[in-house]
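Chemist: Sequence:
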Amino acid sequence: MAQEYDSPWKEALHVYFPQFLELLFPEVHQAIDWSLGWKVMETELLSPAAGPRRVDVLMQVTMIDGKATIILIHVEVQNQKKH
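My numbering numbers the first residue of the sequence shown as 11 and each following residue consecutively.
Honestly, the hints are just simulated from the structure, not real lab data.
Since the structure is predicted, the reported quantities are computational estimates derived from the model, not experimental observations.
Incorrect hints may appear among the rest.
In silico DSS-like cross-links for lysine-lysine, where the CA-CA straight-line distance does not exceed 30 Å [unchecked claim]:
hint	residue 1	residue 2
1	Lys92	Lys20
2	Lys91	Lys20
3	Lys49	Lys92
4	Lys91	Lys49
5	Lys77	Lys20
Given only the sequences and the hints, what does the whole structure look like? Please build it.
Modeler: What follows is the structure in structure tokens.
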């Protein structure tokens, strides 16, 4: 059921990724060369020890220094009051 609440937020991150980083991680936002855009990556990661795992949002960007970088974002929407 958590998937239903998280999905719209994950989709919004695909569209508003630069704004998300600018608001919450301004130092990271400033270090990215936005003129090169960003790429939504496959969210399944393979680990020999743990097996396949899925992450919420995985983006590839290019930093101002030219290095390709992967940014992982975990989305957890709380729909009930936590006790």
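Chemist: Please flag the earlier hints that this structure goes against, numbers listed from lowest up.
Modeler: 3 and 4
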